[in-house]
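> Next come the chains, spelled out residue by residue.
4 protein chains.
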Amino acid sequence: MEYKVLDKGFLRLVDILGDDYSAVKAARVSYGKGIKTPDKDKKLIFYLMEHKHETPFEHIVFTFHVKTPIFVARQWFRHRIGSFNEASLRYTELKDEFYIPNHIRKNVKEDKQKAVKVEDEDLKNMALELINKAIEDSYRAYKELLKIGVAREMARIVLPMSSYTQFYWTVNARSLMNFLNLRADSHAQFEIQQYAIKIAEIFKEKCPWTFEAFLKFNYRGDILKGVEL
Amino acid sequence: MEYKVLDKGFLRLVDILGDDYSAVKAARVSYGKGIKTPDKDKKLIFYLMEHKHETPFEHIVFTFHVKTPIFVARQWFRHRIGSFNEASLRYTELKDEFYIPNHIRKNVKEDKQKAVKVEDEDLKNMALELINKAIEDSYRAYKELLKIGVAREMARIVLPMSSYTQFYWTVNARSLMNFLNLRADSHAQFEIQQYAIKIAEIFKEKCPWTFEAFLKFNYRGDILKGVEL
Amino acid sequence: MEYKVLDKGFLRLVDILGDDYSAVKAARVSYGKGIKTPDKDKKLIFYLMEHKHETPFEHIVFTFHVKTPIFVARQWFRHRIGSFNEASLRYTELKDEFYIPNHIRKNVKEDKQKAVKVEDEDLKNMALELINKAIEDSYRAYKELLKIGVAREMARIVLPMSSYTQFYWTVNARSLMNFLNLRADSHAQFEIQQYAIKIAEIFKEKCPWTFEAFLKFNYRGDILKGVEL
Amino acid sequence: MEYKVLDKGFLRLVDILGDDYSAVKAARVSYGKGIKTPDKDKKLIFYLMEHKHETPFEHIVFTFHVKTPIFVARQWFRHRIGSFNEASLRYTELKDEFYIPNHIRKNVKEDKQKAVKVEDEDLKNMALELINKAIEDSYRAYKELLKIGVAREMARIVLPMSSYTQFYWTVNARSLMNFLNLRADSHAQFEIQQYAIKIAEIFKEKCPWTFEAFLKFNYRGDILKGVEL
Chain A
1 MEYKVLDKGF LRLVDILGDD YSAVKAARVS YGKGIKTPDK DKKLIFYLME
51 HKHETPFEHI VFTFHVKTPI FVARQWFRHR IGSFNEASLR YTELKDEFYI
101 PNHIRKNVKE DKQKAVKVED EDLKNMALEL INKAIEDSYR AYKELLKIGV
151 AREMARIVLP MSSYTQFYWT VNARSLMNFL NLRADSHAQF EIQQYAIKIA
201 EIFKEKCPWT FEAFLKFNYR GDILKGVEL
Chain B
230 MEYKVLDKGF LRLVDILGDD YSAVKAARVS YGKGIKTPDK DKKLIFYLME
280 HKHETPFEHI VFTFHVKTPI FVARQWFRHR IGSFNEASLR YTELKDEFYI
330 PNHIRKNVKE DKQKAVKVED EDLKNMALEL INKAIEDSYR AYKELLKIGV
380 AREMARIVLP MSSYTQFYWT VNARSLMNFL NLRADSHAQF EIQQYAIKIA
430 EIFKEKCPWT FEAFLKFNYR GDILKGVEL
Chain C
459 MEYKVLDKGF LRLVDILGDD YSAVKAARVS YGKGIKTPDK DKKLIFYLME
509 HKHETPFEHI VFTFHVKTPI FVARQWFRHR IGSFNEASLR YTELKDEFYI
559 PNHIRKNVKE DKQKAVKVED EDLKNMALEL INKAIEDSYR AYKELLKIGV
609 AREMARIVLP MSSYTQFYWT VNARSLMNFL NLRADSHAQF EIQQYAIKIA
659 EIFKEKCPWT FEAFLKFNYR GDILKGVEL
Chain D
688 MEYKVLDKGF LRLVDILGDD YSAVKAARVS YGKGIKTPDK DKKLIFYLME
738 HKHETPFEHI VFTFHVKTPI FVARQWFRHR IGSFNEASLR YTELKDEFYI
788 PNHIRKNVKE DKQKAVKVED EDLKNMALEL INKAIEDSYR AYKELLKIGV
838 AREMARIVLP MSSYTQFYWT VNARSLMNFL NLRADSHAQF EIQQYAIKIA
888 EIFKEKCPWT FEAFLKFNYR GDILKGVEL
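Residue numbers (our numbering), protein chains in the order written: chain A, 1 to 229; chain B, 230 to 458; chain C, 459 to 687; chain D, 688 to 916.
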């Protein structure tokens, strides 16, 4: 499963360990027949989620390959329960790939953390032109620095946060649900939300019961509910 | 793959995410073509291990089902990078299954941490009889407490450390190698060594290059080398 | 600060890093003046807790010295975010110290996970006698095994779960709040609840605003509310 | 203790939990009198380090306040065992503070991961001019975007990796030693090395025995040895 995200990014499921039934099996080891719920598998998953018994969901593990702008990657890497291997700009040259938004957002007076899309076409055009030019200039300086012999690790300091990077991410379903709680939410930045939505789709496809139980009992965000994924 | 371990225990591989090639792919994302080693896959794994670039090995993940005495489980659970779901004696009744050694070890004067097997048959018989009787008495008391109505969570406080327990363990290859460094070693207790050896066998079977590189560059223990697993 | 807990255990605060103000300072680095709440310190802590911004509380760290029965320690060590150093029965001989309850609990028909104290004096006496005798017998066998020369690590397999152990525990306030959510709750076993209550007292004493905000917004348990700590 | 690092950065020790003796006390709980080394405190620390018993060092915890360029922060945040609170460019405006190197490095043919300082003044001047201009242009575009009303979280995508950021970092001595192994080494990028050296100085000042033992038994890097910190 691979999804395009943003203008040049992607999210790709590389591999998966287990499924809904992995959580069921792990929980059955814990509780034996002593668990007070019905022993039906789906019911058990709902019981676990409702009572915040989250460890069984750690036995479901996903590996993703992600291509995303650096400012998104920086938010992503704050999630410490998981494994990352990211492309290094010390060793490899950055390709000419930058995130250029197709819209512009403004801050809102009432809430300094909020940003909303603007309709004003003039402003949008002016802003996108500024962004495009700034990024082109930065990339030209980067290429120039490499050309005259400056080390890659040093030349890259002029590169903008919109530069695309890539990484492998291995994460268990419990940590992934925490990611969705924080990033599949209107308080998260728009760009990381787009990845979170695709992660939710993959999660739903691969672990439908766990996903359903998550939405019902554990999800604290606001953009996944009521949406047809 | 399932192995019998000790008198009544087992180690069973439930599932695995990835293989040698998962580490290779993750490393390639990190280093691109910038890596200075040959791009042959096996060579790359040896390069990573030699230079202690261990994160790529986190993308290989194992789930084991383990049955082991509680004093072994207590050592096992000290390894925090991994996921555990253990049978609960609060909710389920302990079956009549206890570890009874088939040998006896004595402490050594020169090294308080060492224990060696004794040949003395009389001592062995006397010790095993004491152990057997103590465990039988404890179990009888446990059953008696349950019979008169004491809660399982309370009755179990008389149970001995040799009681068998079961758990699910999901662990990545990097953390598993750390486990082997500490437990597949003559300084570890004999009983947990037996499990570590079987884990090493499974690891070798599933990730032969990673295992070979681990033994060559990273392994700090002393019981896996030169042994035909 | 040191508290006696259960019949022979204790909980002692060894050291602490920071206080309420550490979370405030860390949050101020994150949000600068951009945060939309009033900049009063206490209000900021309430804002963080209400909105589940929990990372600032990781900069408050406690070190405890704990003495507790092994069956309680086993529950405690499931909390992986934290540092443990526990007394080893491989290297040291267990002293004659076991948890002997001063009451007896029964399971409840309706809820297999629940256990309630019984009033029946006859049952209580019978049960306590069984427990006492079982523990004495186990300890006698242990001493006998040591006497005839069996290694400490092997003799201890007959010891009961009620044996007292000791450990150092270093844990940040975020992980500690998670501990309280799970263990300062009527679904936790009675014995670990007693430690959790004392931890809550120390937490309240050292970080009064954080504790107040925790109880208001984050606490999922049921035994700390409305109680005069 | 506060050190200036690079042209506009700093490393400041905010607070510390424990010292050499904390590791000693934690180890004594583990080993009791059963440990085979002399019970002198300093000797015990050397014994622990030599035998890779690293958990006692987790009971020493540092909080640092760091100001560093974003490309350095990105390397720093890969260290998952620790707590971070970083200034957010979603909520606050970036000040006009960028890392401008005072030298230029070139890649080396033989080793794509290496970069060495160049003596060539002409090249250096040309490169620094390019860097300066690129960064000024980016910052001007950023300010312009803010001025016409673009949201901070969006405007910042044109900012370069050399932008300074700030964060709080709480980390235990074991994880800090791992940081030094990787970053106080000639294979790490020059800029993060400068921070690692100052961290080593603070570590040495606060935990002299642990630091000495670390250098002797555990340190895998190459720039701290033989240097007068």
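Don't take each hint at face value.
Said to hold, decoys possible - Subject to a maximum C-alpha distance of 25 Å in a straight line, what follows is the list of computed SDA-like cross-link-like pairs (lysine to any residue):
(1) D/Lys739 <-> B/Asp349
(2) A/Lys106 <-> A/Leu146
(3) D/Lys804 <-> D/Lys834
(4) D/Lys891 <-> D/Met813
(5) A/Lys114 <-> D/Ile835
(6) A/Lys52 <-> C/Val566
(7) B/Lys372 <-> C/Glu512
(8) D/Lys695 <-> D/Ile835
(9) D/Lys801 <-> D/Gly913
(10) A/Lys4 <-> A/Phe190
(11) A/Lys147 <-> D/Asp824
(12) D/Lys730 <-> B/Asp349
(13) C/Lys572 <-> A/Lys114
(14) B/Lys281 <-> B/Tyr250
(15) C/Lys483 <-> C/Tyr461
(16) C/Lys664 <-> C/Val566
(17) B/Lys454 <-> B/Ala316
(18) D/Lys801 <-> D/Lys712
(19) D/Lys712 <-> C/His537
(20) C/Lys601 <-> B/Asp349
(21) A/Lys43 <-> C/Glu512
(22) D/Lys793 <-> D/Leu781
(23) A/Lys106 <-> D/Gly836
(24) C/Lys510 <-> A/Asp111
(25) B/Lys346 <-> B/Lys433
(26) B/Lys376 <-> B/Leu357
(27) B/Lys353 <-> B/Lys372
(28) C/Lys483 <-> D/Leu781
(29) D/Lys811 <-> A/Leu146
(30) B/Lys341 <-> D/Asp909
(31) A/Lys117 <-> D/Lys830
(32) C/Lys572 <-> B/Lys281
(33) B/Lys335 <-> C/Tyr549
Derived from the structure by calculation, the hints contain no laboratory data.
> Each of the hints needs a verdict: does it hold here or not?
Hints, one by one, checked against the model:
no.	hint	in the structure
1	D/Lys739 <-> B/Asp349	35 Å, violated
2	A/Lys106 <-> A/Leu146	36 Å, violated
3	D/Lys804 <-> D/Lys834	39 Å, violated
4	D/Lys891 <-> D/Met813	40 Å, violated
5	A/Lys114 <-> D/Ile835	17 Å, holds
6	A/Lys52 <-> C/Val566	22 Å, holds
7	B/Lys372 <-> C/Glu512	45 Å, violated
8	D/Lys695 <-> D/Ile835	29 Å, violated
9	D/Lys801 <-> D/Gly913	22 Å, holds
10	A/Lys4 <-> A/Phe190	15 Å, holds
11	A/Lys147 <-> D/Asp824	20 Å, holds
12	D/Lys730 <-> B/Asp349	37 Å, violated
13	C/Lys572 <-> A/Lys114	46 Å, violated
14	B/Lys281 <-> B/Tyr250	18 Å, holds
15	C/Lys483 <-> C/Tyr461	31 Å, violated
16	C/Lys664 <-> C/Val566	38 Å, violated
17	B/Lys454 <-> B/Ala316	34 Å, violated
18	D/Lys801 <-> D/Lys712	42 Å, violated
19	D/Lys712 <-> C/His537	22 Å, holds
20	C/Lys601 <-> B/Asp349	20 Å, holds
21	A/Lys43 <-> C/Glu512	31 Å, violated
22	D/Lys793 <-> D/Leu781	30 Å, violated
23	A/Lys106 <-> D/Gly836	6 Å, holds
24	C/Lys510 <-> A/Asp111	17 Å, holds
25	B/Lys346 <-> B/Lys433	29 Å, violated
26	B/Lys376 <-> B/Leu357	28 Å, violated
27	B/Lys353 <-> B/Lys372	28 Å, violated
28	C/Lys483 <-> D/Leu781	19 Å, holds
29	D/Lys811 <-> A/Leu146	13 Å, holds
30	B/Lys341 <-> D/Asp909	36 Å, violated
31	A/Lys117 <-> D/Lys830	19 Å, holds
32	C/Lys572 <-> B/Lys281	49 Å, violated
33	B/Lys335 <-> C/Tyr549	12 Å, holds
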